[in-house]
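S.K.: Residues per chain, in single letters:
Protein chains: 2
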Amino acid sequence: MSQFTFTIDAECSESWARAGTIQTPHGTIQTPIFMPVGTQATVKSVSPEELREVGAQIILSNTYHLMLRPGSELIDSFGGLHSFMRWDGPILTDSGGFQVWSLGHLRKLSEEGVLFKSHLDGSPQFLTPESVMRIEAELGSDIILPLDICAPFPCTPKEAREAMERTHRWEERALVAKERYRPEQTLFGIVQGAFEPELRQESARVIGSMPFPGLSIGGLSVGEPKTKMWEMLRATTPALPREKPRHLLGVGSPEDLVECVGLGMDMFDCVLPTRVARHGGLFTRDGRVNIKSARFKRATGPIEEGCDCHTCRNYSAAYVHHLIRAEEQLYYRLGTIHNLRFMLRLAADLRASILDGSYPVFREAFLARYQPASETVREQQREKWKAARERQS
Amino acid sequence: MSQFTFTIDAECSESWARAGTIQTPHGTIQTPIFMPVGTQATVKSVSPEELREVGAQIILSNTYHLMLRPGSELIDSFGGLHSFMRWDGPILTDSGGFQVWSLGHLRKLSEEGVLFKSHLDGSPQFLTPESVMRIEAELGSDIILPLDICAPFPCTPKEAREAMERTHRWEERALVAKERYRPEQTLFGIVQGAFEPELRQESARVIGSMPFPGLSIGGLSVGEPKTKMWEMLRATTPALPREKPRHLLGVGSPEDLVECVGLGMDMFDCVLPTRVARHGGLFTRDGRVNIKSARFKRATGPIEEGCDCHTCRNYSAAYVHHLIRAEEQLYYRLGTIHNLRFMLRLAADLRASILDGSYPVFREAFLARYQPASETVREQQREKWKAARERQS
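Going down the list, the protein sequences come from chains R and P. According to my numbering, the first sequence is numbered sequentially starting from 1. According to my numbering, the second sequence is numbered sequentially starting from 1.
Hints were generated in silico from the structure; no laboratory data involved. It is possible that part of the hints are untrue.
For identical chains, the list gives no copy identity; a pair is met inside one copy or between any two copies.
Claimed, not checked - Listed next, the in silico SDA-like pairs over lysine to any residue satisfying Cα-Cα at most 20 Å (straight line):
1) 292 / 213
2) 228 / 352
3) 292 / 71
4) 297 / 77
5) 108 / 158
6) 44 / 86
7) 158 / 213
8) 108 / 122
9) 44 / 327
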């Protein structure tokens with residue numbers, strides 16, 4: 001019954017990069033792909049039409065947020081998330097696991113599932129691998145993820161193993177539970193293993209051999225240095241089956257996309273491009289610029305010369321600068337459109353480079369020019385993550 | 001040199017309602033018309049394309065805000081407000097006078113002009129009838145207004161007369177000063193007179209006989225009861241020249257539009273439709289509804305059955321309800337689009353009823369069905385106005 005297929009169109013001879021095509025009930029996805037995040041059944045500040053225009057082929061939405069508000073049962077009664085939010089392309093929903101650890105007030109983790117308090121109203125919520133399958137069936141997304149446990153960074157090898165092994169048992173239960181629901185939905189497996197290369201390899205082998213048509217790599221980009229993330233991917237990818245699409249959960253920045261494609265990843269999602277846009281951080285080929293900066297006050301050209309996004313084709317950087325200085329809502333839309341188009345054009349460029357055999361050259365040229373956000377900024381993000389973790393304990 | 005013309009297409013035989021056509025350098029306006037307000041060179045949360053789609057034919061922008069940020073000279077260097085904000089239709093700019101009284105910290109009013117402190121950074125600003133003509137020339141709007149003095153409600157007859165007479169002298173100075181600038185711009189006169197019928201008549205005669213191609217009625221909708229506003233219009237309109245378009249400044253609500261068209265008004269502007277939308281107040285033929293209300297949680301239909309706005313044609317009321325409950329930015333856009341379309345459809349319906357001779361019937365039917373916002377809400381608005389006035393003294 002599933003209409004899900006994955007075809008590899010080309011592979012890079014000097015890296016693990018591949019270009020592929022995914023078929024889903026709501027359309028085709030060409031990989032590598034970046035998935036804009038629509039946490040609460042909307043990608044913040046943009047419309048479905050604008051998502052199409054920036055080149056979005058699939059979006060990600062958050063089970064945790066939607067189950068709390070407006071509720072998965074309500075979304076089901078509207079014919080599912082696609083019709084509720086009026087996005088007729090493919091949708092991937094995560095399992096809620098990550099948000100339970102990072103946003104919810106975790107009360108009790110047991111073999112059965114996880115008890116936590118809603119961040120909205122403090123109400124008690126209990127999630128199990130089985131209930132998550134029911135909730136995601138109600139949401140009606142094309143690709144669904146099983147409940148998992150995201151170990152913190154840092155954590156002990158013992159904690160890492162326990163979280164991984166319980167995640168594996170939960171994923172087996174998810175596979176069984178899913179049989180009760182919609183056959184047109186595709187359940188991806190999630191690989192965990194924290195920051196232990198041996199655990200990453202073990203998880204890749206265990207989850208890779210279960211009957212999941214695709215795999216998500218979880219537990220990365222949770223505050224660790226980038227070199228650590230790359231090290232984990234280098235341990236993971238060789239142990240993954242070649243024929244299944246690989247989704248790197250919660251990653252990332254433009255430079256992450258370019259790097260991690262070479263480490264064998266096909267699908268990416270992250271709030272970073274939309275979130276930093278709302279704070280004035282806009283991507284260019286040279287790195288992130290702050291549109292609030294006085295240097296844009298009289299800039300008659302676009303945010304970036306040659307950018308094909310709606311914002312750059314129609315508005316001066318000075319006008320965009322004026323809008324954010326005046327805290328006008330139109331800014332958030334125009335900034336978000338720019339960054340999403342940047343990410344989706346980058347994904348398309350990566351794909352084209354893989355197809356014509358020039359990915360290693362593309363990667364080198366991109367990284368030589370693109371100045372990543374400073375370590376200070378990343379450190380702040382890390383602190384935020386730690387603080388969120390501590391609130392739970 | 002001016003391309004400004006006004007033609008009366010039809011007049012109601014039972015009221016002072018008229019339907020007309022205004023030509024401007026940036027296009028044609030069919031009256032009666034509602035002008036969305038784009039205070040800071042953007043109509044909050046909507047794009048120029050969306051303004052076209054709701055049926056906007058002309059927008060209003062605020063000289064006071066734009067002179068402070070980003071500055072009229074900067075806008076001039078971008079070829080004027082039309083190209084800066086990418087709205088190629090007609091634009092009317094007010095004179096800044098109203099905002100000086102309501103937002104700025106008034107320091108000194110003299111025959112020469114008005115000294116005030118910017119609400120943004122406290123910097124001293126001095127406006128004169130002459131400098132306002134220069135600033136509006138730099139903005140490049142199609143219709144410009146002269147600096148005026150908006151007397152508070154209530155005020156003594158003596159205060160009312162002094163404010164009116166000084167406004168008249170300032171308008172003569174504005175006419176002279178305007179000669180130095182853009183001949184393609186059209187300067188409207190402003191009728192004042194506070195809440196004294198005799199002063200309103202006098203102002204209408206004095207300003208109506210000066211060489212202004214159009215007239216704005218100022219100083220109303222500043223916290224007075226609606227019956228008081230109607231009384232003033234009944235005193236004003238018969239003293240106005242028939243052949244000039246009449247703009248009622250800062251008005252209003254749907255019911256105001258319907259009433260005041262019958263009192264001879266052709267053009268309207270107000271932040272109310274966009275502002276109340278942002279707070280959840282959405283217009284229907286039965287009155288304003290609060291989309292936050294729990295009764296919309298499962299509403300599968302549109303906000304209003306039969307509404308032709310983009311929001312109602314594409315989204316359920318439940319989804320719009322979800323967006324505002326989740327404080328998602330897309331809400332502000334969808335709500336604003338709905339209310340603006342309501343106002344512009346209402347203006348078009350009023351015009352059609354005048355053209356086919358059914359305006360009195362239309363008015364009666366509309367007002368019989370439409371439940372206006374409660375007096376409590378209006379009282380709160382009045383208090384807000386008074387508080388703003390008091391902060392200045």
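S.K.: Evaluate each hint against the coordinates.
M.R.: Now the hints, each set against the structure:
no. : hint      : verdict
1   : 292 / 213 : neither (44 Å within a copy, 41 Å between copies)
2   : 228 / 352 : neither (28 Å within a copy, 69 Å between copies)
3   : 292 / 71  : between (37 Å within a copy, 16 Å between copies)
4   : 297 / 77  : between (49 Å within a copy, 12 Å between copies)
5   : 108 / 158 : within (19 Å within a copy, 74 Å between copies)
6   : 44 / 86   : within (14 Å within a copy, 23 Å between copies)
7   : 158 / 213 : neither (30 Å within a copy, 83 Å between copies)
8   : 108 / 122 : within (14 Å within a copy, 54 Å between copies)
9   : 44 / 327  : both (16 Å within a copy, 10 Å between copies)
Taken one by one, the earlier hints fail for this structure at numbers 1, 2 and 7, listed in ascending order.
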